[in-house]
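Below, each chain spelled out in residue letters.
2 protein chains.
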Amino acid sequence: MMISKIGLVGLGTVGTGVAELLLANPPIFAKKLDKRIELIGIADRSINKKKDKIPFPSNLIITQDFNEIINNPDINIIVELIGGIHPAKDIVIKALEKGKDIVTANKALLALHGSELFKIAQKYGKSISFEASVGSCIPVIAALRDSFIANEIKGIYGIVNGTTNYVLTKMTQEEVTYDEALKDAQIKGYAENDPSTDVEGIDAAHKITILSRMGFNCDFNYEDVYVEGITHIELKDIYYAHELGYTLKLLAISKRRDNGLEIRVNPTLLPHDHPLSSVNGVFNAICIRGNAIGETMLYGQGAGQMPTASAIVSDLVDVSLGRAKITFQSIKPLSGNCKKINVLDISMIKTRYYLRYSVIDKPGVLASITGILGNHNISISSVIQQDSRENELVPLVMMTHVAEEGNLQRALIEINNLDVVKEKTRFLRVEEASS
Amino acid sequence: MMISKIGLVGLGTVGTGVAELLLANPPIFAKKLDKRIELIGIADRSINKKKDKIPFPSNLIITQDFNEIINNPDINIIVELIGGIHPAKDIVIKALEKGKDIVTANKALLALHGSELFKIAQKYGKSISFEASVGSCIPVIAALRDSFIANEIKGIYGIVNGTTNYVLTKMTQEEVTYDEALKDAQIKGYAENDPSTDVEGIDAAHKITILSRMGFNCDFNYEDVYVEGITHIELKDIYYAHELGYTLKLLAISKRRDNGLEIRVNPTLLPHDHPLSSVNGVFNAICIRGNAIGETMLYGQGAGQMPTASAIVSDLVDVSLGRAKITFQSIKPLSGNCKKINVLDISMIKTRYYLRYSVIDKPGVLASITGILGNHNISISSVIQQDSRENELVPLVMMTHVAEEGNLQRALIEINNLDVVKEKTRFLRVEEASS
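Taken in sequence, the protein lines are chains E and C.
At position 360 of the first sequence the residue is numbered 360 (this note's numbering), and the sequence of numbers has no breaks.
At position 281 of the second sequence the residue is numbered 281 (this note's numbering), and the sequence of numbers has no breaks.
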């Protein structure tokens with residue numbers, strides 16, 4: 001029995017979880033598997049501060065220098081868990097050049113440089129496994145790559161960022177402001193001190209990029225993904241949406257359209273009975289729609305130490321058994337040579353919208369607004385208009401039927417210029433069960 | 001490039017779907033995969049009636065005799081889709097002896113003879129793949145086998161039968177009786193003319209048996225699974241449970257306990273906010289709980305022509321690439337040699353209960369009943385007692401705290417013997433999010 005020998009680069013939260021699973025005596029997977037997987041060495045810049053906290057076996061290589069791990073000829077799989085682009089990209093490339101397979105959770109690296117890295121891996125006959133990069137333990141990469149291979153994938157959409165889902169859930173359930181909810185998330189460790197990558201939707205954009213390339217068997221520039229975070233969300237919009245039968249979630253959405261790929265991250269209203277509406281707190285869930293399978297959803301903890309470590313170890317098993325090599329050599333989305341496809345500009349998408357105007361309540365206001373919308377081919381499905389005294393500033397809330405975003409943008413420029421409209425109109429996109 | 005050559009035995013609904021996916025020109029998977037998979041022949045008893053309806057290519061072998069397919073030396077993978085034990089079991093064994101790999105959706109066969117068939121496959125160095133046997137396209141076998149391999153699986157539970165979920169959903173949403181809902185399901189093609197395998201919970205028992213052996217890396221007798229269907233469900237129990245905050249579903253439940261395996265199929269009350277509560281109609285969903293992953297849920301169409309065909313084709317890809325062979329030789333739950341474990345008698349399980357008594361409303365009735373429950377260590381968490389005139393027959397509904405079923409059974413014998421109790425007391429088990 002050949003033994004797989006693992007080198008771990010990056011001993012943060014997830015790395016520590018991976019070490020724990022691999023160093024258990026015996027590891028849980030060992031009971032289910034005829035294969036030995038041994039952790040040989042760990043590199044981490046701050047290893048000296050960490051090594052006393054973890055009971056490492058004496059024969060484990062412990063180093064501050066990742067080169068010592070990737071140059072070690074005994075090691076055949078490198079787990080890259082330092083995140084970010086530099087030096088992670090160099091580490092992955094050097095390790096591939098040294099003939100080592102890669103297991104990584106690095107979504108930024110794969111979103112920005114996936115095809116380049118896949119090509120290098122192919123050149124050296126090695127594999128890159130990355131189940132942990134999206135939804136941690138939720139087996140969404142395997143589902144898109146293997147389980148749903150008989151399908152033309154139509155759409156991939158879901159909640160792929162736990163931080164923002166925690167914040168929005170707290171705002172919704174406890175009626176607190178964005179700032180209060182974010183602060184609570186930071187105290188609980190669900191948000192970083194600098195939360196921008198999460199709250200601005202960047203992390204979700206990385207993830208939907210990875211999923212889309214796999215699901216749609218294509219390539220495109222990450223920079224073309226439309227990204228809108230949750231920093232501008234006001235409690236009252238959550239409230240009005242709720243009244244209209246919708247729940248607000250930050251969704252990553254990707255759909256194959258006749259003229260290209262619709263791919264975007266934005267706060268989205270979902271009907272209360274949509275399966276994603278009840279995905280709360282730090283949980284993630286991804287819906288995949290295919291021509292044979294119809295609608296599916298995969299749900300679980302999308303982040304955290306042990307769920308992510310679980311996904312890393314499942315990838316290690318896959319590499320150790322030789323399955324990852326076969327997969328990497330056979331499945332075209334992993335070739336690094338996929339056809340580039342056109343990403344639709346956000347103005348070209350078609351969906352329903354929630355609109356909230358701040359207007360002076362005067363006779364004729366509703367007529368002016370609906371007139372402008374009508375001129376731009378936008379029709380209204382429902383309106384909430386609160387009672388108020390004449391000439392008072394009031395919110396006016398509308399749901400539209402399906403409209404093209406470019407038309408909406410042009411209509412809103414005109415509407416925002418009306419004398420009776422006192423603040424920039426807020427709008428949110430809507431996702432129905434089968435749009 | 002070696003070409004995989006497929007023989008299909010059984011051209012029912014699912015078989016026709018598989019043929020459609022394989023005979024498409026080009027098949028969808030061919031765009032994503034460097035591998036050719038060719039359907040060479042089809043055997044079906046009624047092939048002569050069917051062959052005119054499907055545009056088969058002229059070089060396809062079409063036969064009423066399955067032996068012609070399993071003896072064909074060109075064919076290297078047999079898809080068994082006739083279902084049931086005979087002659088499916090013989091077909092699988094003969095095909096393995098002839099050196100062919102097996103892909104099957106046959107849950108009865110695997111539940112009753114899984115270990116025996118796995119052993120035969122191991123003997124001939126061949127594999128049996130069966131993703132389609134549980135939840136059709138929902139990749140629950142792959143998740144338990146591969147994605148969650150780093151976990152000690154704690155529990156597997158879910159909605160694994162679409163027919164019963166359709167019936168219960170219709171009863172709940174439209175307030176119709178069991179008979180009316182079943183009739184509607186039969187008209188829509190969701191229930192068989194003889195629905196007993198579904199409505200009596202047998203199909204669900206087959207499926208939870210397969211999942212449990214995989215997830216818990218063990219073996220046990222299928223006959224030891226406790227099975228209770230939905231034929232006795234009354235609309236009023238759905239109503240009272242709803243008032244108490246619960247939704248009724250037929251669940252298949254399997255949990256690793258200190259003293260053995262708890263495994264059962266029974267109508268179950270779930271809190272409204274449980275993710276399984278909103279799984280409606282013919283959809284299925286399976287929750288898997290592990291020590292590293294925590295709670296996960298996989299959701300999708302659990303039956304139907306194309307979802308099941310999608311799972312069959314994903315297995316065919318897996319076999320064709322050589323990954324299934326590696327998996328079958330490496331993953332211990334597929335060895336056919338797993339340790340037999342003790343299945344707990346239903347009297348040993350511990351859960352919360354819903355109880356509905358039909359009592360004559362007299363002073364002291366509640367005291368008699370709660371007294372008997374108390375003597376058997378069962379305490380009450382809530383009661384619904386309807387206003388009524390004295391001496392009238394009224395329903396009395398209770399939710400208990402966690403109790404042992406044996407104690408409940410003994411208490412109910414005493415309670416049912418009380419003069420004031422006029423009908424056999426109904427009870428339903430409850431499943432909370434983390435029990």
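Worth flagging that the hints you see were computed from the coordinates, not collected in a lab.
What you are looking at is a predicted structure, and each value in this text was computed from that prediction instead of being measured.
Don't take each hint at face value.
The list cannot tell twin chains apart, which means a pair is met if one copy fits it or any two copies do.
Derived BS3-like pairs: lysine-lysine, alpha-carbon spacing no greater than 25 angstroms straight-line [said to hold, decoys possible]:
| no. | residue 1 | residue 2 |
| --- | --- | --- |
| 1 | Lys51 | Lys340 |
| 2 | Lys31 | Lys325 |
| 3 | Lys89 | Lys362 |
| 4 | Lys98 | Lys31 |
| 5 | Lys183 | Lys89 |
| 6 | Lys332 | Lys31 |
| 7 | Lys51 | Lys350 |
| 8 | Lys154 | Lys89 |
| 9 | Lys340 | Lys98 |
| 10 | Lys362 | Lys422 |
| 11 | Lys94 | Lys350 |
| 12 | Lys340 | Lys188 |
| 13 | Lys325 | Lys35 |
| 14 | Lys31 | Lys119 |
| 15 | Lys325 | Lys5 |
| 16 | Lys362 | Lys255 |
| 17 | Lys119 | Lys422 |
| 18 | Lys119 | Lys98 |
| 19 | Lys339 | Lys98 |
| 20 | Lys53 | Lys31 |
| 21 | Lys51 | Lys424 |
| 22 | Lys53 | Lys332 |
| 23 | Lys119 | Lys339 |
| 24 | Lys332 | Lys35 |
| 25 | Lys350 | Lys188 |
| 26 | Lys35 | Lys340 |
*25 angstroms Cα threshold - placement of Lys350 relative to Lys94*: neither (44 angstroms within a copy, 55 angstroms between copies)
*asked:* Cα distance capped at 25 angstroms. Does Lys340 pair with Lys98 within a copy, between copies, both, or neither?
replied: neither (30 angstroms within a copy, 45 angstroms between copies)
*Give the relationship of Lys53 and Lys31 under a CA distance limit of 25 angstroms: within one copy only, between copies only, both, or neither.*
Answer is neither: 27 angstroms inside a copy and 50 angstroms across each miss the 25 angstroms cutoff.
*From the Cα coordinates, with 25 angstroms as the cut-off, is the pair Lys119 and Lys339 best called within, between, both, or neither?*
Intra 14 angstroms, inter 44 angstroms, cutoff 25 angstroms: intra-copy only.
*asked:* Regarding Lys89 and Lys362, is the shortest C-alpha distance of 25 angstroms or less found within a copy, between copies, in both, or in neither?
replied: neither (60 angstroms within a copy, 78 angstroms between copies)
*How do Lys362 and Lys255 come out at 25 angstroms by Cα distance, when the copy is not named: within, between, both, or neither?*
Answer is neither; intra-copy 42 angstroms and inter-copy 64 angstroms both fail.
_At most 25 angstroms between alpha carbons: which applies to Lys119 and Lys422, within, between, both or neither?_
The answer is neither: 54 angstroms in one copy and 75 angstroms across copies each exceed 25 angstroms.
*Check Lys339 against Lys98 for me: Cα-Cα at most 25 angstroms, and say if that holds within a copy, between copies, both or neither.*
Neither. Shortest intra-copy (29 angstroms) and inter-copy (42 angstroms) distances fail the 25 angstroms Cα cut-off.
*asked:* Treating 25 angstroms as the Cα threshold, decide for Lys51 and Lys340: within, between, both or neither.
replied: Neither. Shortest intra-copy (45 angstroms) and inter-copy (41 angstroms) distances fail the 25 angstroms Cα cut-off.
*25 angstroms Cα cut-off: does Lys325 pair with Lys5 within a copy, between copies, both or neither?*
For Lys325 and Lys5, both the intra-copy (16 angstroms) and inter-copy (23 angstroms) Cα distances are at most 25 angstroms.
*Status of Lys422 relative to Lys362 across identical chains (alpha carbons, at most 25 angstroms)*: within (13 angstroms within a copy, 67 angstroms between copies)
*25 angstroms Cα threshold - placement of Lys98 relative to Lys119*: within (15 angstroms within a copy, 40 angstroms between copies)
This entry does not satisfy hints 1, 3, 4, 5, 7, 8, 9, 11, 12, 16, 17, 19, 20, 21, 22, 25, going by the numbered hints stated previously.
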